[in-house]
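Chain H is already provided as a structure; the job is to place chain V on it using the hints.
Those protein sequences? They're chains H and V, same order as listed.
So the first sequence is numbered by the numbering used here: it starts at 1 and just counts up by one.
So the second sequence is numbered by the numbering used here: it starts at 1 and just counts up by one.
Just to be clear, a hint being listed does not mean it is correct.
In silico lysine-lysine, DSBU-like type, Cα no more than 35 Å apart, as pairs [as the list claims (entries may be wrong)]:
#1 K61/V with K46/H
#2 K61/V with K38/V
#3 K46/H with K38/V
Rather than coming from a laboratory, the hints here were simulated on the basis of the structure.
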Amino acid sequence: MARTLFDKIWDFHLVGQRADGRDLLYIDRHVLHELHAHHAFTLLEKQGRPIRRPDLTFAVQDHTVSTSAGRDDNTNPSGTAFLRAMREGTRKNGIRLFDIGDPEQGISHVVAPELGIVLPGATHAVPDSHASTVGGVGALAFGCGASEMTHILATQVMALKRPKRMRARLDGRLGVHVSAKDVALRLIAELGVAGARGYVVEYAGSAVRAMPIEQRMTLCNLNIEMGGRSGFVAPDDTTFEWLARRPYLPQGGMWDRAMDYWRTLASDDDATFDRDVVLDCSTLEPQITWGTDPSQVVGISGRVPAAATIDPSRRAAAESAFAYMDLKPGTPLAGLPVDRVFIGSCTNSRLPDLEVAAAVVRGRRVADGVVAMVVPGSSTVKREAEAAGLDRVFRDAGFFWGESGCSMCAGGNGDRGKPGERCVSTTNRNFENRQGVKVRTHLASPVTAAASAIAGRIADVRQLRPGAG
Amino acid sequence: MQPFISHTGIAAPLLTDDVNTDQIAPSVHSGGLKEDYKAMLFSRARRREDGSENSDFVLNKPQFRDAGILVTGHNFGAGSSRESAVWSMIANDIRVIVAKSFADIYRENCLQNGVLPIVLEPDAAEAFIARVIAADGAAPFTADLNTQRISGPGGPDVTFEIAPAERTRLLEGLDDIGLTLKHTGDIANWEQRAAAAQPWIQSVRDSR
Numbered sequence: 001m002a003r004t005l006f007d008k009i010w011d012f013h014l015v016g017q018r019a020d021g022r023d024l025l026y027i028d029r030h031v032l033h034e035l036h037a038h039h040a041f042t043l044l045e046k047q048g049r050p051i052r053r054p055d056l057t058f059a060v061q062d063h064t065v066s067t068s069a070g071r072d073d074n075t076n077p078s079g080t081a082f083l084r085a086m087r088e089g090t091r092k093n094g095i096r097l098f099d100i101g102d103p104e105q106g107i108s109h110v111v112a113p114e115l116g117i118v119l120p121g122a123t124h125a126v127p128d129s130h131a132s133t134v135g136g137v138g139a140l141a142f143g144c145g146a147s148e149m150t151h152i153l154a155t156q157v158m159a160l161k162r163p164k165r166m167r168a169r170l171d172g173r174l175g176v177h178v179s180a181k182d183v184a185l186r187l188i189a190e191l192g193v194a195g196a197r198g199y200v201v202e203y204a205g206s207a208v209r210a211m212p213i214e215q216r217m218t219l220c221n222l223n224i225e226m227g228g229r230s231g232f233v234a235p236d237d238t239t240f241e242w243l244a245r246r247p248y249l250p251q252g253g254m255w256d257r258a259m260d261y262w263r264t265l266a267s268d269d270d271a272t273f274d275r276d277v278v279l280d281c282s283t284l285e286p287q288i289t290w291g292t293d294p295s296q297v298v299g300i301s302g303r304v305p306a307a308a309t310i311d312p313s314r315r316a317a318a319e320s321a322f323a324y325m326d327l328k329p330g331t332p333l334a335g336l337p338v339d340r341v342f343i344g345s346c347t348n349s350r351l352p353d354l355e356v357a358a359a360v361v362r363g364r365r366v367a368d369g370v371v372a373m374v375v376p377g378s379s380t381v382k383r384e385a386e387a388a389g390l391d392r393v394f395r396d397a398g399f400f401w402g403e404s405g406c407s408m409c410a411g412g413n414g415d416r417g418k419p420g421e422r423c424v425s426t427t428n429r430n431f432e433n434r435q436g437v438k439v440r441t442h443l444a445s446p447v448t449a450a451a452s453a454i455a456g457r458i459a460d461v462r463q464l465r466p467g468a469g
Numbered sequence: 001m002q003p004f005i006s007h008t009g010i011a012a013p014l015l016t017d018d019v020n021t022d023q024i025a026p027s028v029h030s031g032g033l034k035e036d037y038k039a040m041l042f043s044r045a046r047r048r049e050d051g052s053e054n055s056d057f058v059l060n061k062p063q064f065r066d067a068g069i070l071v072t073g074h075n076f077g078a079g080s081s082r083e084s085a086v087w088s089m090i091a092n093d094i095r096v097i098v099a100k101s102f103a104d105i106y107r108e109n110c111l112q113n114g115v116l117p118i119v120l121e122p123d124a125a126e127a128f129i130a131r132v133i134a135a136d137g138a139a140p141f142t143a144d145l146n147t148q149r150i151s152g153p154g155g156p157d158v159t160f161e162i163a164p165a166e167r168t169r170l171l172e173g174l175d176d177i178g179l180t181l182k183h184t185g186d187i188a189n190w191e192q193r194a195a196a197a198q199p200w201i202q203s204v205r206d207s208r
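Isolated chain H (complex conformation) (with noise of 0.2 Å):
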């Protein structure tokens, strides 16, 4: 019988069944972070339960940690119980550990796939929500909590019941600085913020395939902000080349031997889904939100919907978000002054978003007032902004330029904004208060970062001045 590749894979790893008729899903990599590992470390030493696989499970500190240069556990004051548990606990337990000071720390998403901790055809835990991300190289990951990742690290399995599966077939042509950022906001304004709940998405389509990793990457991380648990893209050509020598992946002869197998991860032609979603990208222009969840979207040429126009289930929370957004329907969001800009996050702060905000900025200035920051989302991926001279570039503008852990995302390391500030973010959520209490977030991509910031009001990229670089 025909099976898309999320049943392939899902079937792959099935250990059993519980009695409760859960399936039991084996786990091949799990990655830990500082702000709930403590948990499970604390629970399974109090039930005497020893970790089953410390060999296949990895930690990183990426939530608490500080920006700041020549950081150490006590420069975020509020992170260092944390930093501390995570170092004892990962050292008691035999888990290799990216540590502060690690040249490959950085943030979980960003780590696993650049140092090959994660593949094609596996399956991925992490206690965050945005484990998904990646499912750019084709693994299947789960975000959970902290009672689902202490059982992980019992038992290296998930009690999962089935998802369904979904497919969202993306054609066409990106235009000219537009990428998956975009196309993934897009879709969640279709699909709406559960829109893809209770499913497994594989993200398919043209536009995918021309995607490179890292953008792929992008589009998987965004899956939960439709209510998605997990999304993947399956592995092609672009998938190897982009995995081939990572250096915690099989090499040599096995190498061949799992490209002979990750070459079969595919859904079969005929295979069906529970819901097939298909969206035109080639007519798309950048977009950003405008409100409080990462379903208020609109086009970079777009205004704040008026309430009437809006889906009378949603009027509501457009109403709270209006207030809290300070907006007023009809307003252009072009050309709305920026107090904030944020460049970096599991969604968009691997080495090409760097690269492509870096162009945008070249030769030109932050405008007057407003604070703009690049965080890189892994130390390796500052280490080779640094060498193409990248850093150069954000700092010669007037960036921050940062070390790298997830930062003004959640605001988990005390970057934040202030009160009624308005900030351009190419993270995953403009919830309130999540980049600082009263904090008015934008989602936008690296590149509509870069052009508000230098414009100093949320820019179309396409329409700004030549720089003088």
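This is chain V only, laid out in the frame that chain H set:
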């Protein structure tokens, strides 16, 4: 896990959709690993900008201060996977959440902690919400998992559906890890099979 059999409490209406976990359990950045989950619940919504209490927020209204049941809209618990968004409910003795739908991870986090997530079909949900509003905290409701019924003022008992296995797990307070550890043999067998079929998946090391 603390079993869930039945729970009686004032039902508080929080009638918005897509309430996210950033709202339910704002990160407080207190610096300690042990957090005050009781104070965490909706801590931003409970206060005005000047720090004074926001008397408009439902859980601050006198009749709902000790609510034990939360009644809400679609997609409750969207966003971050933080389990503190369930722990903060328990710390306030809210053990039942009645919603039109739940975000996937949040619902699982409820089941992991003995909090009963009840989904009512749209019509039933609207009728129940009307009763909760009419009751206005004057009399409590009871959610009974044995009978799968909610009883309380303003009408007949409301039945709700839950998967039998999830019901058992809650009623008996089953240890989720314990349930899975009964399959240790299956897990070891799988590892052996996988190591033979795809050795690269069962072993990972830095090749440098």
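Evaluation of the provided hints:
Pair hint K61/V plus K46/H does not hold up; C-alpha atoms about 40 Å apart against a cutoff of 35 Å. Restraint check: the Cα-Cα separation between K61/V and K38/V comes to about 17 Å, which is no more than 35 Å; the hinted pair holds. Annotation: proposed proximity of K46/H to K38/V holds, straight-line Cα distance about 23 Å (limit 35 Å).
When each numbered hint is compared with the structure, a violation occurs for hint 1 only.
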